[in-house]
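**Student:** Sequence:
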Amino acid sequence: MRWLAPILVAMAALLTAPASAQDAPAPRPDHPAADRPAPRPEAEAEPQAEAKAAPEPPAEAAPDPETPEKAEAEPPPAAPVPTGPPVHATLRESDFDHSACLLELTLLGADYSEAPPILDPDQRDCGIDRPVLLRQPLPGIEIPGGAPMRCDLARHLAHWLRDFVRPAAALLPGQPRLVALEPGSTYQCRATVGTAGENLSEHAFGNAFDIAAFRFEDGSRIEIGPRQDNGDLQEAFQRAARGTACLHFTTVLGPGANAAHDDHLHLDIKARRGGFRLCQ
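Its first residue numbered 135, the sequence shown is counted upward by one per residue in my numbering.
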């Protein structure tokens, strides 16, 4: 049994000795093989590979010159350069015609004076080349403040007042004497009402005169306005003045023609083909 003792001593020494690095336990695997996720199938990896291999999109093409963005960036086209003489110049009277017209005004007893040409810096067609400032078309019939116009318009106004309006006034109660025309528009560089600026009014050339009221010596007035079927002498006077005006003027507009002429008589001498006259 002596041989047993050394063996037991050796075994006890082994049990009490410290553990060495060589005898340390093996590290734990991260996951057992059975617990690790299966690799992604090749079919799923292909799209990613294709995405990486796909070519970059082409650079954005330059905008077409006809696109709205390009059109907005471009300056607006220049306005066409007017050709031909301005309208007011085409209406300029010859020396003979102008002198004859002034002589006729003088013989009618009109109070007037010649005025410098009227031009408009913003509208080349507006203006009067040989205007007269008419203060009285006939003796005793005043236009308060005077009215610039072409001589031919002043001449027609004087004849109409002499031949028709003054005799019609003599038939009113008390036979009041006509002493004044209260004007509406006289010369004015503007478009014709209702044309959205496409056509200039005859007022822009000194060819038109508007009457808002007739004033009499006794202080009474007849204002221009809608009087249809009133059945009184004021309506009769307005109808007489309006109807006879178309014998001297090529355009006569008043109440009923349109809303813009409900409060005045518009008289002008616009030339039309065949001598056509517009009386409304």
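Treat the hints as calculated values from the structure; they're not laboratory data.
You may find that some hints are simply not true.
[Stated by the list, open to error] Derived DEER-like restraints, expressed as beta-carbon distance ranges:
#1 G377 / A223: 33 to 41 Å
#2 G409 / R324: 23 to 31 Å
#3 D256 / G377: 15 to 23 Å
#4 R407 / R311: 39 to 47 Å
#5 E248 / L367: 32 to 40 Å
#6 T224 / D256: 18 to 26 Å
#7 S319 / E248: 38 to 46 Å
[Unchecked claim] Only pairs whose alpha carbons sit at most 25 Å apart, straight line, appear in this in silico DMTMM-like list of lysine to aspartate or glutamate:
#8 K404 / D229
#9 K404 / E238
#10 K404 / E227
#11 K404 / D259
#12 K404 / E332
#13 K404 / D297
#14 K404 / D254
#15 K404 / E316
#16 K404 / D286
#17 K404 / D256
#18 K404 / E248
#19 K404 / D231
#20 K404 / D263
Glycine included, each C-beta is placed from N, C-alpha and C at the ideal position.
**Student:** Determine for every hint whether it applies to the structure shown.
**Tutor:** Going down the list of hints, with the structure as the test:
At roughly 34 Å, the beta-carbon separation of G377 and A223 lies within the given 33 to 41 Å, and the hint holds. Checking the proposed 23 to 31 Å range against G409 and R324 shows it holds: the Cβ atoms sit about 26 Å from each other. Between D256 and G377 the CB atoms are about 38 Å apart, so this pair departs from the stated range of 15 to 23 Å. Between R407 and R311 the beta carbon distance is about 40 Å. The supplied range of 39 to 47 Å therefore holds.
One distance hint, 32 to 40 Å for the beta-carbon pair E248 and L367, holds here, with the actual separation near 39 Å. Between T224 and D256 the beta carbons are some 19 Å apart, a value that agrees with the proposed interval 18 to 26 Å. For the pair S319 and E248, the beta carbons lie near 22 Å from each other, so the given range of 38 to 46 Å is not met. About 21 Å separates the Cα atoms of K404 and D229, which keeps this hinted pair within 25 Å; it holds.
This hinted pair checks out: K404 and E238 have alpha carbons roughly 20 Å apart, not beyond 25 Å. A C-alpha spacing of about 14 Å is found between K404 and E227, which places the hinted pair at or below 25 Å, so the restraint holds. At most 25 Å may separate the alpha-carbon atoms for a hinted pair to count; K404 and D259 meet this at roughly 15 Å. For the proposed pair K404 and E332, the alpha carbon gap of about 17 Å is at most 25 Å, so the pair holds.
A hinted pair counts as satisfied when its Cα atoms are at most 25 Å apart, and K404 with D297 qualifies at roughly 21 Å. Taken as a hint, the K404 and D254 pair is honoured in the structure, with Cα atoms around 20 Å apart against an allowance of 25 Å. A hinted pair counts as satisfied when its Cα atoms are at most 25 Å apart, and K404 with E316 qualifies at roughly 22 Å. A distance of roughly 11 Å separates the Cα atoms of K404 and D286; the hinted pair therefore holds under the 25 Å criterion.
Between K404 and D256 the CA atoms are separated by roughly 23 Å; this keeps the pair inside 25 Å, and the hint holds. The suggested pairing of K404 with E248 holds, with an alpha-carbon distance near 22 Å, which does not exceed 25 Å. Taken as a hint, the K404 and D231 pair is honoured in the structure, with Cα atoms around 17 Å apart against an allowance of 25 Å. Only pairs whose Cα atoms come within 25 Å are accepted, and K404 paired with D263 is accepted, the gap being roughly 16 Å.
Violated hints for the displayed structure, listed by number in ascending order: 3, 7.
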